[in-house]
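Novice: Residue strings, one per chain:
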Amino acid sequence: MSTSNEYYIPHKATWPVVGTGGLVMMLAGFANYLNGSSAGTAWMALGLAVFIVMLAGWFTLQAGESESGMYSTQVGISYRMGMMWFIFSEIMFFAVFFGTLWYTRNLSVPWLGGEGTGAATKELLWPSFEAVWPTNGPGKVGGEFEPMGAWGLPFLNTLILLTSGVSCTWAHHGLLAKNRDQLIKGLAATVGLGLLFVALQASEYHEAYTEMGLTLGSGIYGSTFFMLTGFHGFHVCVGAIILSVVLFRSWKGHFQPENHFAFEAAAWYWHFVDVVWLGLFVFVYVI
Amino acid sequence: MSAVVAEHDDHHEHDHGPAKGLLRWVITTNHKDIGTLYLLFALAMFFVGGTMAMIIRAELFEPGMQFVNPQFFNSMTTMHALVMVFGAVMPAFVGLANWMIPMMIGAPDMALPRMNNMSFWLLVAGVLLLASTLFMEGGAPAGGWTLYPPLVLQTGKALPFAIFSVHLLGISSIMGAINIIATIFNMRAPGMTLMKMPMFVWTWLITAFLLIAIMPVFAGAVTMLLTDKFFHTSFFDAAGGGDPVLYQHIFWFFGHPEVYVMILPTFGVASTIIPVFARKPLFGYSSMVYATAAIAFLSFIVWAHHMFTVGMPIAGELYFMYATMLIAIPTGVKVFNWTATMWKGAMTFETPMLFSIAFVVLFTMGGFTGLMMSVAPSDFQYHDTYFIVAHFHYTLVPASVFILMAAGYFWLPKWTGHMYDERIGQLHFWLSVVSVNILFFPQHFLGLAGMPRRIPDYAVQFADWNMISSIGGFIFGASQLLFLYIVIDTIKGGTGEKVTDEVWEDAAKHSLEWTLPSPPPYHTFTTPPTVIPTEHI
Amino acid sequence: MKKAKQLFAGLILMALGLGTAQAEYTLNLMKGVTKVSHDIYDLHMLILWICVFIGIGVFGTMFYSIYHHRKSRGHQAAQFHENTTVEIIWTIIPTLILVGMAIPATKAMMELDDVQASEMSIKVTGHQWKWEYEYLDNGIHFFSSLDEASNKVRQVGSGLDPRSVPNYLLNVDKPLVIPTKKKIRFVFTSKDVIHSWWVPDLGWKKDTNPGFINESWTSVDEPGTYRGQCTELCGKDHGFMPIVVIAMDEPDYNAWVEQQKAAMAAEAGSASKQWTTEELVAKGKAVYDTNCSSCHMADGAGLPGTFPAIKASPVVTGDINAQVKLMLNGKGMMPAFGKMLSAVDFAAVVAYTRNGLGNSVGDSIQPSAIQTLQSASPAAD
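Protein chains in written order, with the numbering used here: chain A, 1 to 287; chain B, 1 to 537; chain C, 1 to 381.
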């Protein structure tokens with residue numbers, strides 16, 4: 001299947017407004033739910049359904065266009081730039097939470113404990129507070145808790161994600177070598193490892209909530225821990241879904257060595273999620 | 001990279017025009033249609049935000065509380081800012097980018113047309129979600145557009161809606177920015193090297209990078225507000241080890257580049273218009289490009305000058321003071337370059353040029369007060385007073401808004417094929433430029449004399465200047481109805497004079513859009529242009 | 001220059017036919033009454049003049065060009081579009097000017113930041129919407145809110161003339177009193193949201209952050225009354241929590257301290273007396289107006305959706321002990337009044353809410369009982 005030399009300009013797109021509608025329903029529903037309205041959850045579910053239909057429809061449309069050779073190399077470059085800068089925006093999103101962790105650990109908690117310009121803060125407001133990380137703050141918000149260790153499940157999870165990065169690359173080699181079997185096996189392994197990671201993360205959360213007293217409400221430690229690992233876990237789920245779509249398309253016979261943007265995008269995203277985890281492992285668990 | 005266009009429909013009809021009826025606007029992927037949608041939406045929001053400003057100025061006309069209660073007043077200042085920033089100025093520039101960038105670089109359309117449609121509709125959704133909070137129990141957000149905790153956490157039912165609205169606006173902006181970057185890097189006509197691009201394209205390229213870097217940061221910040229309010233986290237609560245000031249750091253890491261998102265494309269339009277009417281190339285094209293990049297870079301490392309009084313360690317105060325002062329250098333270069341562009345030109349003063357000159361003068365005044373505020377000890381007096389209000393309105397209203405007006409007058413003939421009524425245009429300009437100064441100049445005095453910002457009522461010694469400011473505000477507000485009239489009139493036929501492709505004398509030497517018919521056909525540059533204008537460099 | 005400006009301003013005002021009753025328009029920054037404020041004023045003037053100077057140069061050139069280099073005057077456009085020498089010059093010169101500005105600015109900043117060697121400390125706590133002052137060295141402690149006259153006039157649609165109130169919105173019921181010629185350290189914090197404490201004559205403002213302490217200092221040479229306002233948006237009544245600082249010479253200040261101590265002792269004594277419901281209700285109105293009316297409204301109607309009504313409220317018309325408990329400890333946006341009101345004021349406002357504002361429950365609680373509860377409850381700090 002040859003790719004076109006022309007720049008493909010699509011017309012009359014219906015999926016974007018459908019997606020927007022779904023997203024608004026979901027968010028307005030969530031807002032109503034947070035405000036204690038009973039109708040909130042129903043709207044969220046409806047919005048999610050619309051959003052999923054949009055994703056399925058839009059992906060199918062794009063995959064069909066791609067397979068019928070409508071995308072020139074130049075179109076492919078636009079898509080790649082789009083994905084690249086989307087991932088950059090995601091990096092900035094995570095940077096906020098890493099920045100928050102850095103600021104609280106190195107500035108606000110020590111100030112509360114009387115360091116630097118915080119001497120009067122400790123003396124007048126929190127005389128009994130000693131700044132030691134991990135902490136739930138001078139108000140002991142959320143009560144006693146046990147911090148999460150690094151070398152149990154989290155370390156295992158690190159190995160799992162690193163392995164999944166390798167299997168993803170192995171699948172890519174399969175694609176390039178026109179080895180469809182290797183492509184499918186590699187992708188399946190990657191998705192499987194991703195799901196295993198999520199399952200282990202879930203069990204870690206379960207243990208934190210039921211046995212360690214560690215919750216989202218456990219002061220700044222609990223807040224940063226769950227916010228960072230939680231958003232990461234969410235991104236792993238999204239990555240796994242994207243990879244599953246790519247797996248399904250591979251199984252249907254899509255992708256050629258010279259035309260496989262969707263695979264590349266999924267792989268980049270997966271590696272991004274992988275790298276974020278390494279940052280998490282070091283800054284949230286180890287240090 | 002050249003772009004030969006392939007066009008395909010789902011229905012195999014070889015109809016390359018727009019869809020019929022209103023649906024055209026809902027499902028369009030055409031950069032001109034989407035540009036028009038953005039511009040009209042921005043104009044509508046300009047009047048919505050303007051109405052809020054009129055309510056504010058009416059309450060401040062005299063001391064005492066006459067019309068609204070203090071809570072509603074605070075909602076008005078908050079919503080005025082949010083609507084103007086996210087609903088009017090930013091979308092207006094995205095609209096200009098949509099219309100002009102493909103035509104300026106010789107591209108057939110934006111690089112990712114379907115996503116282009118989605119970013120517009122997400123914007124509408126975000127603004128509607130925000131506007132809906134006006135009618136909610138507890139009122140619209142009233143903690144200021146900066147949404148500082150813990151105050152903003154006292155918002156009623158509006159809080160989650162406002163937060164999700166920020167998320168939607170963020171996604172919309174990121175999509176728009178990605179599209180602009182991909183278009184500029186991937187869709188330029190052969191021979192259109194980066195250093196031959198019109199300044200408007202350059203400034204938008206740099207702005208797009210700013211947007212991608214900062215919108216996720218804002219999204220992250222408001223997400224933490226959401227979890228602090230509803231999920232028991234302690235990010236901004238000292239009792240749990242957090243810090244309310246942390247929010248301010250994150251917010252202004254977003255917020256300072258954000259104000260440059262509104263001013264850099266302004267610079268770009270000014271640098272495009274002034275050479276055309278001075279009949280001279282832009283002075284120092286490459287130094288303009290570098291200065292824009294330098295301002296963008298500096299915008300990321302100066303954020304805490306918005307926070308000199310929050311109680312930072314002295315090293316922080318000094319660092320942010322020095323870094324902020326540096327901004328004056330590239331900004332100065334820009335102002336000097338515009339002046340040098342006019343120097344020894346053969347100037348004419350049509351409405352776009354008048355607005356552009358007013359921009360250079362009045363923006364520079366905003367720059368001067370900015371320089372004064374960069375000095376941290378002095379800022380201990382200026383901070384959160386009307387001096388600040390005057391400063392940022394000078395950099396936004398007679399700067400960004402004036403340049404948007406200039407852009408409207410400059411390109412309306414190209415977009416519609418009709419000429420606007422120059423007499424009404426000039427009347428609009430003179431009314432605007434006089435009233436905007438009556439509106440904002442006295443606010444310098446008020447701030448220096450000790451009037452804090454965001455107060456619904458004030459001590460009687462501030463009464464006179466407030467009344468003058470309000471009168472200026474009412475005249476300014478009313479004058480903008482002239483602009484609305486001109487836009488509608490021009491779309492409907494204007495003076496009836498058929499404009500040429502070039503519209504303005506020798507404009508085609510400066511930029512590619514003037515080589516196209518007026519109005520341009522629905523699809524332009526389906527085969528790339530062969531001659532690249534270079535007069536502007 | 002300044003004269004000319006003032007004249008110009010005066011002309012505009014006259015032209016508009018505005019009464020010039022308060023003829024004292026300040027067009028420039030106040031000089032203030034401390035060394036720091038003078039330094040800041042000088043810095044302000046220096047940079048203002050630099051800006052004026054650059055402005056005259058740039059705008060002069062521009063307007064010369066606009067006048068002379070017009071097509072209508074037949075001017076032919078030159079075609080130059082760069083000049084490296086000129087561009088280098090106008091990059092270097094501003095840089096040097098900035099360095100020149102940074103030196104005095106740094107000095108002033110260091111001075112402003114130095115709270116060492118202070119002779120006394122005052123803790124300032126921001127509340128929605130009043131200030132709490134605590135003299136850390138002698139235990140004097142009180143709240144300071146908008147004066148009653150301003151408060152009446154500033155109600156929406158009061159129809160009263162703000163000009164009839166002396167120092168409208170810049171006056172308080174109880175001002176902060178400080179001695180002159182002493183280095184006074186202020187420590188700032190907040191009970192609820194971020195406020196900012198600003199008295200222009202002292203030369204600075206400082207934010208009050210909940211859970212953290214910020215520090216600043218002043219030393220006033222001349223006795224006098226200096227007024228300011230909250231400058232960080234802190235909610236509905238942000239515009240209505242002024243600051244008044246009275247600087248007194250040492251002997252006057254000492255007399256004031258003694259007087260405060262005596263008043264505090266008397267206050268403590270009156271709590272142990274038996275009060276009738278009528279007496280408490282009569283006293284309660286003023287307490288209500290100062291402490292409660294900004295949210296629950298002067299007529300007790302509240303603000304639907306945000307602040308509950310007092311009138312026919314199930315809390316106020318229900319069990320008195322439950323009401324007292326809620327008021328002692330606070331709930332949501334409602335502050336804990338246990339440490340903010342004296343026992344008498346507390347009992348008085350309880351009686352007033354139950355037997356005024358359209359309610360008539362008929363009971364009250366004795367100040368002595370409140371005192372017991374106050375001392376039993378854990379420290380609010």
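Honestly, the hints are just simulated from the structure, not real lab data.
All residues carry an ideal CB built from backbone N, CA and C; glycine is no exception.
Keep in mind that the hints are not guaranteed to be accurate.
Computed beta-carbon distance windows for the label pairs [unchecked claim]:
1) B:Leu23 - C:Thr61: 27 to 33 Å
2) A:Thr60 - B:Phe300: 37 to 43 Å
3) A:Pro127 - C:Trp256: 55 to 61 Å
4) A:Leu48 - B:Leu40: 58 to 64 Å
5) B:Leu40 - A:Leu61: 24 to 30 Å
6) A:Leu46 - B:Gly496: 38 to 44 Å
Novice: Indicate, hint by hint, whether the structure satisfies it.
Specialist: Here's how the hints hold up against the structure:
Between B:Leu23 and C:Thr61 the beta carbon distance is about 54 Å. The supplied range of 27 to 33 Å is therefore violated. Remark: the range hint 37 to 43 Å for A:Thr60 to B:Phe300 is upheld by a beta-carbon distance near 40 Å. Between A:Pro127 and C:Trp256 the beta carbon distance is about 30 Å. The supplied range of 55 to 61 Å is therefore violated. A hinted range of 58 to 64 Å is violated for the C-beta pair A:Leu48 and B:Leu40, which are about 32 Å apart.
In this structure, B:Leu40 and A:Leu61 meet the distance hint of 24 to 30 Å, their C-beta atoms being roughly 28 Å apart. The beta-carbon spacing between A:Leu46 and B:Gly496, approximately 52 Å, falls outside the hinted interval of 38 to 44 Å.
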